[in-house]
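*Asks:* Sequence:
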Amino acid sequence: MSHAKLEADNLSWRPSAKSPLILHPTSFVLECGRILGVVGPNGAGKSTLLRSLYRYQAPTSGTITVDNKDIWAMPAKAAARLVAAVLQEQPNDFALTVRDIVALGRLPHRHSVSASGRSCAQVIKDVLIQADLADFADRPIGTLSGGERQRVMMARALAQEPRLLVLDEPTNHLDIQHQLELLQLVKDMDVTVVVSLHDLNMAAAFCDDVLVMEHGQTIAFGPPNEVLTESLVSGAFRVKAQLETLSQSQSDHFSFQLNS
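Per my numbering, the very first residue in the sequence shown carries number 7; after that it's consecutive.
Don't read these hints as lab results, they were simulated from the structure.
Errors might be hidden in some of the hints.
[Claimed, not checked] Straight-line alpha carbon distances no greater than 30 angstroms define the calculated DSBU-like cross-link-like pairs of lysine-lysine that follow:
no., residue 1, residue 2
1, Lys131, Lys193
2, Lys83, Lys193
3, Lys11, Lys193
4, Lys83, Lys11
5, Lys11, Lys131
Go ahead and model the full structure; you've got the sequences and the hints to work with.
*Replies:* Following this line, the structure appears as structure tokens:
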């Protein structure tokens, strides 16, 4: 697996020609190997942006390139060898084993040379180890906890050997331990990542760059310490945000209050 440069140029989306824009023209460049956190209130356009990035929803305007290759100008199978996605939905086919689910990630590589030169069986084995799922390989997916299932979906995406990984709120419905484990797994990958998150403190801690959205528009993009200011967060989320420094870790942390 290797990471790639992602460029979104003038990207927008609307449901139909007569509908208002849901995603207004958006442009950004994410350099190789960096993790981009997409944050914003509900309805900000985060999922709409991500759907275009993982080739589910064709943009109304603009281009998305991964290492200068337009992902919407290539066959779907070729794009799936560049971009993988992990969504909020959990698998519902409880008859499949963990190994079966992970093996689905190899479908884009059928009848083609693996990006790593390894056999599909070897890729699956390595990914199960990387995601700490080797002991679960033969268990039905329905016997796993929510956090374990989300790790399985991450392993399936890794088995695609993508260069860009898109994660749509992957920590939803997970407890704190599983959230941290999942995000640490993301950081350990050799892949460029775009992830939407609700938790601003997690975005600040785990992401190299942050894109803040409001009403379908980008209002800020850059490193968390430059972008996530008290005034910007307060305005975007309609709360009173206060940035505090935790004494033990000396790290910054947001606290929130409703506006009075």
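*Asks:* Can you name, in rising order, the numbers of the hints this structure does not satisfy?
*Replies:* Nothing - there is no hint that the structure violates, so all of them hold.
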